[in-house]
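A.B. asks: Given only the sequences and the hints, what does the whole structure look like? Please build it.
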Amino acid sequence: MDNGFWLALLLVSAGTLCMRLLPLLWMQRHLLKQKSKGGLAAIPGWLSVLGPLMIAAMLGVSLVPASPGWSAWFATLLGALSALMAWLWTKSLGWPVLVGVSIYGVVILLARISTGG
Amino acid sequence: MSWRTGAREATPLLGGYIPVAISFGMVAVQAGFSVWQTILISTLIYAGASQFLFVAMVAAGAPWGLVVVMTLLINARHVVYGPSIAPWLPKSRWWPFLSHGLTDQIFALALSRLSQLPAEQRLGWYSGAMLLAWFSWVAGTAAGAIAGEELSRHWPLLGEIMPFALPALFLVLLAPRFTSRTWSIALGSTIAVAMLLTLYGFTNASIPLAAASGALFFYLAKLHARTGGRLDG
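As given, the protein sequences belong to chains Y and S, one line each in that order.
Numbered by this note's numbering, the letters in the first sequence go through residues 22 to 138 in order.
Numbered by this note's numbering, the letters in the second sequence go through residues 1289 to 1521 in order.
Among the hints, a few may not be true.
[As the list claims (entries may be wrong)] DSS-like, lysine-lysine: derived pairs with alpha carbons at most 27 Å apart:
hint : chain 1 : residue 1 : chain 2 : residue 2
1    : Y       : Lys54     : S       : Lys1379
2    : S       : Lys1379   : Y       : Lys56
3    : Y       : Lys58     : S       : Lys1379
Since the hints were derived computationally from the structure, they do not count as laboratory data.
C.D. replies: Below you can see the structure in the form of structure tokens.
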């Protein structure tokens, strides 16, 4: 397995890096060119729509509990609502995450205790 | 010290990164990889879902070529991230290294925060956030590979509770974007489609597919607004 492993690791690492790096460099060059021509340096409209939608998709994926059950879903609902309330209250990043995780954890713990698990 | 701000604001990511990295370390060692191979996978590939697939396919005896193609296919969504945040990032000779840390979560954080920072602080902010996340992923992997079973025996619930930091963070990053009915429809439908696909087991394909369907809803809602004039854009 060793030779195959090293080659596969190298190819996947290089490929992933290229997918992260090359489009960034290409867009930076494209924006500089637009600027030098006196135009407005802006990314294409579809890309500015796709960015927030990718975050929304990550949210959807991460909201599904690893082992779905009523307690996990209930904890997810309460955790998400409390994070949202904390965000409305503080408009910060850290506190809402802390509040969301704490409420989620408390519900999971209570569910475990109530089922004797 | 903009890199400190970046590192501080990336701290919530650790709640999601470390438990998942620990489980990756455990899974990889159980699949027959050595501790060093496991740590190298996390250091060099640094992309959660594709690392799990890489290890699972190797353990199942899949041909190396197929392992490479499938792993890269999962990571293909990353091509959108760099161009989306490019307007806020200055040119730098460090990008070949810094872009290695452009993961899903760092992208989400950067897309929301970079535009709010002064131009001269953005590269430092990104570097601090990216380095903290990368180190935590590698350290979590090492901990999982070396002492994963003992860690999960001592703190069995921690691995279940801490990953909720990721949806909580995404929610907070996304909340300010519900600015109109068009955006609410697009974002809401994306979240719903991603959840459905994940529930039906299409976790790896769900991010690009859900985002694409959200984009379709966005343009349909915009079209409806133009023709009917009832939705705002």
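A.B. asks: For each hint, tell me whether it holds in the structure or not.
C.D. replies: Here is how each hint holds up against the structure:
In summary, the hint linking Y/Lys54 to S/Lys1379 is supported, as the alpha carbons are separated by about 13 Å, within the 27 Å threshold. A distance of roughly 14 Å separates the Cα atoms of S/Lys1379 and Y/Lys56; the hinted pair therefore holds under the 27 Å criterion. Proximity of Y/Lys58 to S/Lys1379 is assessed by CA-CA distance (about 18 Å); at most 27 Å being required, the pair is judged to hold.
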